[in-house]
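*Asks:* Work the whole structure out from these sequences, hints included.
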Amino acid sequence: MHPNQTFRKANGELNISFARERSFGTLAINADSGPLLSHIPFLLSEDGTYLEAHLVRSNPILKCLDSEIDAVIAVNGGDTYISPDWYELDNQVPTWNYVAVHIRGKLMRLPQDQLSGILERLSSQFETRLLPKPEWKMDKVEQDTLEKLQSMIVPISMQVSSIDGTWKLAQNKPEDARLAASQQVKSNGIGQEIGEIASLMSKPPC
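Here the working numbering is used: the sequence shown runs in plain steps of one and ends on residue 1185.
No lab work stands behind these hints, which were simulated from the structure alone.
Note that CB positions come from ideal geometry on N, CA and C, so glycine has one too.
One thing to keep in mind: the hints can contain errors.
Just the calculated beta-carbon pair ranges, DEER-fashion [stated by the list, open to error]: (1) 1184 / 1106: 26 to 34 Å; (2) 1063 / 1185: 22 to 30 Å; (3) 1036 / 1116: 19 to 27 Å; (4) 992 / 1118: 32 to 40 Å; (5) 1118 / 1067: 55 to 63 Å; (6) 1128 / 1068: 33 to 41 Å; (7) 1036 / 1013: 54 to 62 Å; (8) 1070 / 1036: 53 to 61 Å; (9) 1108 / 1036: 38 to 46 Å.
As a list, the in silico BS3-like pairs of lysine-lysine whose alpha-carbon atoms are at most 27 Å apart [to be verified]: (10) 1116 / 1127; (11) 1182 / 988; (12) 1116 / 988; (13) 1182 / 1165.
*Replies:* See the structure below:
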């Protein structure tokens, strides 16, 4: 996370809303063999205090979950390179603008009988965004096939202790310079989700 507090003024509701909307991030823990990472979809509670997900049974992170452990999930948004010329100011240097939220807490393995509920809630979270497409339901899968697939994954949860966000959108520049850079990002940006990051730069939410 960028240490400049100018980019870390987002309130808790904004960070929670962003993480819930993305619902996909990079889970990281420290193991005896070194850091372990896994890219996972997740479901975050509305108040941001509880998160649930699942891991494939062969994931080495599961070997570390005999008891709860500290973990973090990094949730990335759009990002883009910023050319100094785009500010139309003197004495500027290149940088990279981005949005990211970190969810920290205690990670634990859950009993296997909690898996079905987690899978139903996860799929429903995404399927309802596809309306008017009829929502896919787990009962569309034959029971034998479903049981076989579920035996390959393990439910996990996190008791969330903190959610911090960095919204680096050129808020430290004069408005005219920020808007000029935003237009350049929209037309010539290098990165991911260029349109979204340009829009955020034009009107930073924090």
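*Asks:* Now look at each hint and say whether the structure bears it out.
*Replies:* How the hints compare with the structure:
1. 1184 / 1106: 26 to 34 Å: 27 Å, holds
2. 1063 / 1185: 22 to 30 Å: 24 Å, holds
3. 1036 / 1116: 19 to 27 Å: Roughly 24 Å apart at Cβ, these two residues keep to the hinted range, so it holds.
4. 992 / 1118: 32 to 40 Å: Holds, at about 35 Å.
5. 1118 / 1067: 55 to 63 Å: 58 Å, holds
6. 1128 / 1068: 33 to 41 Å: Since residue 1128 and residue 1068 have Cβ atoms about 56 Å apart, the given range 33 to 41 Å is violated.
7. 1036 / 1013: 54 to 62 Å: 21 Å, violated
8. 1070 / 1036: 53 to 61 Å: 55 Å, holds
9. 1108 / 1036: 38 to 46 Å: 28 Å, violated
10. 1116 / 1127: 17 Å, holds
11. 1182 / 988: Within the cut-off at roughly 14 Å; holds.
12. 1116 / 988: Judged against 27 Å, a Cα distance of about 39 Å means the pair is violated.
13. 1182 / 1165: Holds. Residue 1182 to residue 1165 sits at ~13 Å (cutoff 27 Å).
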